[in-house]
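Visitor: Throw the hints in and build the complete structure from the sequences for me.
The primary structure of each chain is shown beneath.
Protein chains: 2
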Amino acid sequence: MARTQGSHSGITGPRVRKAALTLFARHGYAAVSMRQIARDVGVQAGALYNYTPDKQSLLFDLMKTHMDELLASRAALAAPPSPAAALESFTRMHIRFHSERPDAVFIAYMELRNLSPENFAAIEALRRVYEDQLEEILRAGVISGDFTVADPKVTTMAVIAMLTGVNTWFREGGRLSLEEVEQIYWDMVRKAVGA
Amino acid sequence: MARTQGSHSGITGPRVRKAALTLFARHGYAAVSMRQIARDVGVQAGALYNYTPDKQSLLFDLMKTHMDELLASRAALAAPPSPAAALESFTRMHIRFHSERPDAVFIAYMELRNLSPENFAAIEALRRVYEDQLEEILRAGVISGDFTVADPKVTTMAVIAMLTGVNTWFREGGRLSLEEVEQIYWDMVRKAVGA
Chain A
1 MARTQGSHSG ITGPRVRKAA LTLFARHGYA AVSMRQIARD VGVQAGALYN YTPDKQSLLF
61 DLMKTHMDEL LASRAALAAP PSPAAALESF TRMHIRFHSE RPDAVFIAYM ELRNLSPENF
121 AAIEALRRVY EDQLEEILRA GVISGDFTVA DPKVTTMAVI AMLTGVNTWF REGGRLSLEE
181 VEQIYWDMVR KAVGA
Chain B
1 MARTQGSHSG ITGPRVRKAA LTLFARHGYA AVSMRQIARD VGVQAGALYN YTPDKQSLLF
61 DLMKTHMDEL LASRAALAAP PSPAAALESF TRMHIRFHSE RPDAVFIAYM ELRNLSPENF
121 AAIEALRRVY EDQLEEILRA GVISGDFTVA DPKVTTMAVI AMLTGVNTWF REGGRLSLEE
181 VEQIYWDMVR KAVGA
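First to last, the protein sequences are chains A and B.
All residue numbers for the first sequence refer to full-length UniProt numbering, where the first residue is 1 and numbers rise by one.
All residue numbers for the second sequence refer to full-length UniProt numbering, where the first residue is 1 and numbers rise by one.
There's no promise every hint is true.
Which copy is meant is left open, because identical chains are indistinguishable; a pair holds if it fits in one copy or across any two.
Calculated lysine-lysine pairs in the DSBU-like style (CA-CA distance at most 35 Å, straight line) [what the hints assert, rightly or not]:
{"#": "1", "residue 1": "K191", "residue 2": "K18"}
{"#": "2", "residue 1": "K55", "residue 2": "K191"}
{"#": "3", "residue 1": "K191", "residue 2": "K153"}
{"#": "4", "residue 1": "K64", "residue 2": "K18"}
Everything labelled a hint here was simulated from the structure, so no lab data went into it.
Guide: This is the structure in structure tokens:
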């Protein structure tokens, strides 16, 4: 059977990815076997190879899908009227996107070490595209005089780390709603760039 | 033989911890065996048990040592003349401390999932002590009128995530020195809290 998609891939493909995502996030990529993933999905180990050539491809698929979705989410934002508006919608989108995908975010950071060199390069390139989009917003704001930013590249990394960090502590149903959290973070980002 | 320290523990203890730190950071706790650690240290697997009762204790020891050192580093800071000075020295200390220990930082975040419930609670309590120290600085600055912070608890988490994020991109010998990076981050933190 071809190693691409089998006849049930519309159902099993997403289930395989979901099982791999959960298992990798809980135990770590290196500690999870294809057999475990198959057991979670409820198929024979051999059947798993109809959907993915190997565990490395599964990891890469998860990380690439995550980055593709992030870039699509960013691309879907309305054209902003100003650098400050662009930065605000980027900030809110980043928090919402990541808070909805705790396992994928965890894997995206933690399992970089387990990607093959080519796969690592591909994921790094996508991540760079995303970072460059934020850096471009910062540079536009500096040029327009809206922002005061000493080093747009460093500020990009700082803002992304700050926003992604919401995942380490935010819990739905806690003291603050996600909207309130977004507002507090946007206020900090705005002030940090002098807007 | 007692499970506490053997006669060579002054030499082997740190070597065991160093080997475990490196292996856990590279492959993940779950994927590393006591046998591998022993091989790296150059002792028989059985001899390892003179220094640690099991792998879980080794992980806990690494994470607890990390937090103890962080709290000691914080305690060693000179008494600050103002909330802004306190925040600045906290910011610089945090960046320096973490940039010197990439493997320990990686493990401190990544392997929380692999701690036993009691060990997790102990590490979380130490982390809370550290976070509370930053939160106290922020609250003091709000009371004195030096800072404008809507939610000191959230700002604490945001600042810590931002500062720890330096580890994901900073490399010694790159475009910026660590001192320059500290200055840029301090400038962002200062502005973010309205100081």
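Visitor: Give a verdict on every hint.
Guide: These are the hints, each one checked on the structure:
In this assembly of identical chains, K191 and K18 lie within 35 Å of each other by CA distance neither inside one copy nor across copies; the values are 39 Å within and 41 Å between. Taking the shortest alpha-carbon separations for K55 and K191, neither the intra-copy value of 44 Å nor the inter-copy value of 45 Å comes in at or below 35 Å. In the homo-oligomer, the alpha carbons of K191 and K153 lie at most 35 Å apart both inside one protomer (17 Å) and across protomers (17 Å), since each shortest distance falls under that limit. Both within a single protomer and between protomers do K64 and K18 lie at most 35 Å apart by alpha-carbon distance, with minima of 14 Å and 33 Å respectively.
Of the hints listed earlier, those the structure fails to meet are numbers 1, 2, in rising order.
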